[in-house]
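Use the sequences and the hints to build the structure in full.
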Amino acid sequence: MGGGFCRGKRKANLVARDMRNGNKQNVPELADWGNYMEAKRLKLLDQFHNSEVKRISNIFEGISIFVNGLTRPPADELKNLMAAHGGEFHMYQSSSTTHLIASNLPNVKIKNLGRVPIVKPSWIVDSIAMGKLLDFKRYLLYNNQSRTQPRLDFTVMQKTTGSKVPVQATSNGIAIPHEQTNMEVPSPRNQDHTEIENKSAIDNKGKGISKTAADPSFLQEFYQNSRLHLISTLCAEYKDLVNKLRETSDGHFPGKDKLIAKKAEGPRAFYPSFASVVMHIDMDCFFVSVALRKRPDLRGKPLAITHARNGRLANENSHRGAEFKLWEHLEPGEKVDIGDRDSMSEIASCSYEARKSGVRNGMFLGQAIKLCPDLKTQPYDFEGYKEVSNILYRTIASYTLDIEAVSCDEMYVDVTKLLKETGLTVEEWATHIRNEIMEATGCPCSTGFGANRLQARLATRKAKPAGQYYLQADDVESYMTDIPLSDLPGVGRVTLSKLSNLGLSTCGDVQMKSLSFIQALLGKKAGQTLKDQARGVDSRPLNFTHERKSISADVNYGIRFKKLEECYTFLQSLSDEVFNRMSAVNMTAKGLTLKLLVRAPEAPVNICWLNMHVAHGIYLYGEHNAGRDGSKV
DNA sequence: ATCCTCCCCTAC
DNA sequence: TAAGGTAGGGGAGGAT
Ligand SMILES: Nc1ccn([C@H]2C[C@H](O)[C@@H](COP(=O)(O)OP(=O)(O)OP(=O)(O)O)O2)c(=O)n1
Ligand SMILES: [Mg+2]
Ligand SMILES: [Mg+2]
1 MGGGFCRGKR KANLVARDMR NGNKQNVPEL ADWGNYMEAK RLKLLDQFHN SEVKRISNIF
61 EGISIFVNGL TRPPADELKN LMAAHGGEFH MYQSSSTTHL IASNLPNVKI KNLGRVPIVK
121 PSWIVDSIAM GKLLDFKRYL LYNNQSRTQP RLDFTVMQKT TGSKVPVQAT SNGIAIPHEQ
181 TNMEVPSPRN QDHTEIENKS AIDNKGKGIS KTAADPSFLQ EFYQNSRLHL ISTLCAEYKD
241 LVNKLRETSD GHFPGKDKLI AKKAEGPRAF YPSFASVVMH IDMDCFFVSV ALRKRPDLRG
301 KPLAITHARN GRLANENSHR GAEFKLWEHL EPGEKVDIGD RDSMSEIASC SYEARKSGVR
361 NGMFLGQAIK LCPDLKTQPY DFEGYKEVSN ILYRTIASYT LDIEAVSCDE MYVDVTKLLK
421 ETGLTVEEWA THIRNEIMEA TGCPCSTGFG ANRLQARLAT RKAKPAGQYY LQADDVESYM
481 TDIPLSDLPG VGRVTLSKLS NLGLSTCGDV QMKSLSFIQA LLGKKAGQTL KDQARGVDSR
541 PLNFTHERKS ISADVNYGIR FKKLEECYTF LQSLSDEVFN RMSAVNMTAK GLTLKLLVRA
601 PEAPVNICWL NMHVAHGIYL YGEHNAGRDG SKV
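Position 179 of the first sequence, counted from 1, bears residue number 179 in the UniProt record's numbering, the numbering being contiguous throughout.
In short, the hints are calculated from the structure, not lab data.
Ideal Cβ positions, reconstructed from N, Cα and C, are used throughout, including at glycine.
You may find that some hints are simply not true.
As the list claims (entries may be wrong) - Label-pair ranges, simulated between beta-carbon atoms:
hint : residue 1 : residue 2 : range
1    : R493      : L515      : 19 to 25 Å
2    : H546      : R461      : 20 to 26 Å
3    : E565      : D532      : 49 to 55 Å
4    : P484      : T98       : 51 to 57 Å
5    : N225      : G251      : 39 to 45 Å
As the list claims (entries may be wrong) - Restricting the straight-line Cα-Cα distance to at most 27 Å, the calculated cross-link-like pairs of lysine-lysine (DSS-like) are:
hint : residue 1 : residue 2
6    : K79       : K137
7    : K356      : K294
8    : K294      : K420
9    : K376      : K386
10   : K356      : K370
11   : K370      : K301
12   : K294      : K417
13   : K524      : K498
14   : K549      : K244
15   : K498      : K525
16   : K386      : K256
17   : K258      : K244
18   : K356      : K462
19   : K370      : K263
20   : K462      : K513
21   : K256      : K417
22   : K132      : K79
23   : K244      : K417
24   : K376      : K462
25   : K301      : K376
26   : K595      : K549
27   : K301      : K462
28   : K420      : K462
29   : K563      : K595
30   : K262      : K417
31   : K376      : K262
32   : K498      : K462
33   : K549      : K386
This is the structure:
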């Protein structure tokens, strides 16, 4: 990485990775990222850069600063300045801290800070310039009420020489506060395609070539077809919806009120005051169920939702098909295993009939058809998913807002109060709500109940499809022993293989092992969690409100740059995208990471991967696991 | 002791 | 025609 200002700092990264061995290497053409920022350094500071610190004065005697996050000048420089002028410097808060130095602090953090004054870094610089300690009160970052939260400023640069990355992230709101910045307002997300874009789409179609990321409309088109993008987006939306409904609630729940009225006479269930009941609710094979509303003739058949039409072979116009075709032309010695020419179209959701043959969500179509030759497919219906999700959430919200949104087809609900107030038994409530959702959406769902979220979730698994189950406290112990470890949330492919290598396959097996044994295998936290889970214990509360910590955009599909210019064009769209999402939720940020993966030398097609990630708060890193689990990157 | 960076892993 | 996104928990190992 070039550029001193970025160096070693949490600022911006551009990394290329050899996918085969995981080595990191710099990308020379792109490493000039930091030069722009470097040019902005104060001349005053240059003398300390890369040199031994000499004591110049004692004006900061007794002052101990804690630098939080990104500052201008950066922490490096402040450290040198403090040392040169008799002060103490820390990168984190300690008991000796007298001043907190920050250019930009997220609200979350401010709340957590004690009485230490938050001071702009210019206090240090100006004091040195004046040769005496100035009154820090004139440099407070926030003057009590009016906080002007500085922003990460995405300034879109003109593409000129091609020697600069066309996007900068700067955090410069303090020295020159700018409520209204000169940020370019990006065009709306669903804008009409321009003539040029349309033309290029037609050209691509005409040539039978799939669009690549070099195409300016690639990103929007990709998003319109990516089900993973859709469910990620919806997930964030529903978490937000719950937040908003809770904020604006008048405490009035029509669904609940109707239930109370209906139950006015008749026996009421008794609930001990201490017992809380958690409900987990999840749509059955969600995408499939939405499709079946319009295709009742396919009910009862093995069915999968996927982009590909029926067929085992990857279409040669698809990326996978093209990859295979290219591979065929290699010399025998050059060939690496890229698998059969099966369709690598992913199955988003499959019916329970298909599951009987071993088909699973997330499986490639080619593999699934081998397991289940009768498998039918149906296309996606993004609007349908939104409609059903919306009804699901609105329906539950008419009973209670003690909801933790998990995804577009799933949530946890604390129904303790609801059951008490309505006098319904768990069974009565479950039947009622499942019927209501079925009637309103035409789609079946299942519900599970327990004393905590884990128990509720395991109960849903048992209930599926189209069922309900209450895992009662007395039954938990015996219920858990036979539960496969793979059923536990948080136990995925890697964890499962670690466990099964040691002959552990059920919760009962884990119960017999010591805590330290499991922790040595999985790590401290994961080990403790698993030991608890194996007994049905889960102390994590439901989180009804949610604060997003980061925003990121990744594309790991169809990236085949031939020229650096194409890479810049795509970076431009990615940064526009991240910026749009940030402005949409009015989020400010402290930093930015940018990542690039390049193809493994032996990979048959030049595909690379890009990620852009912006975080609000402390952590900011984008990550992807491409290149492992057999994918060809 | 606590934080940071760079990951790995998981869920939907 | 395919569309391998996204957010968060957490660990290893180094810095402070
Ligand atoms: N690898 C995956 C997993 C899920 N989904 C989408 C399609 C699913 O229909 C939806 C909900 O995921 P679930 O895990 O709830 O799975 P289903 O609803 O399909 O089935 P189940 O009845 O097991 O809940 O998310 C996906 O696109 N890709
Ligand atoms: Mg589901
Ligand atoms: Mg689900």
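Okay, the hints, checked on the actual structure:
1. R493 x L515: 19 to 25 Å: At roughly 24 Å between Cβ atoms, L515 and R493 fall inside 19 to 25 Å, so the hint holds.
2. H546 x R461: 20 to 26 Å: holds, 24 Å
3. E565 x D532: 49 to 55 Å: Holds - the Cβ-Cβ distance for E565 and D532, about 53 Å, lies within 49 to 55 Å.
4. P484 x T98: 51 to 57 Å: Holds, since P484 and T98 (Cβ atoms, about 56 Å apart) stay within the stated range.
5. N225 x G251: 39 to 45 Å: holds, 42 Å
6. K79 x K137: The hint holds at about 21 Å.
7. K356 x K294: Roughly 23 Å separates the two Cα atoms, so the pair holds.
8. K294 x K420: Distance of about 39 Å is beyond 27 Å: violated.
9. K376 x K386: holds, 23 Å
10. K356 x K370: holds, 13 Å
11. K370 x K301: holds, 16 Å
12. K294 x K417: violated, 37 Å
13. K524 x K498: Roughly 15 Å separates the two Cα atoms, so the pair holds.
14. K549 x K244: holds, 17 Å
15. K498 x K525: Status holds; Cα separation ~16 Å.
16. K386 x K256: holds, 24 Å
17. K258 x K244: holds, 23 Å
18. K356 x K462: holds, 15 Å
19. K370 x K263: violated, 52 Å
20. K462 x K513: holds, 26 Å
21. K256 x K417: holds, 11 Å
22. K132 x K79: holds, 18 Å
23. K244 x K417: Roughly 21 Å separates the two Cα atoms, so the pair holds.
24. K376 x K462: Within the cut-off at roughly 26 Å; holds.
25. K301 x K376: holds, 8 Å
26. K595 x K549: holds, 19 Å
27. K301 x K462: Within the cut-off at roughly 22 Å; holds.
28. K420 x K462: holds, 25 Å
29. K563 x K595: At roughly 18 Å apart (the allowed maximum being 27 Å), K595 and K563 satisfy the hint.
30. K262 x K417: holds, 17 Å
31. K376 x K262: Given that 27 Å is the threshold and the Cα spacing comes to 44 Å, the pair is violated.
32. K498 x K462: Distance ~25 Å between K498 and K462 Cα, so the pair holds.
33. K549 x K386: Satisfied, since the Cα-Cα distance of roughly 24 Å is no more than 27 Å.
Consistency note: the structure conflicts with the earlier hints numbered 8, 12, 19 and 31.
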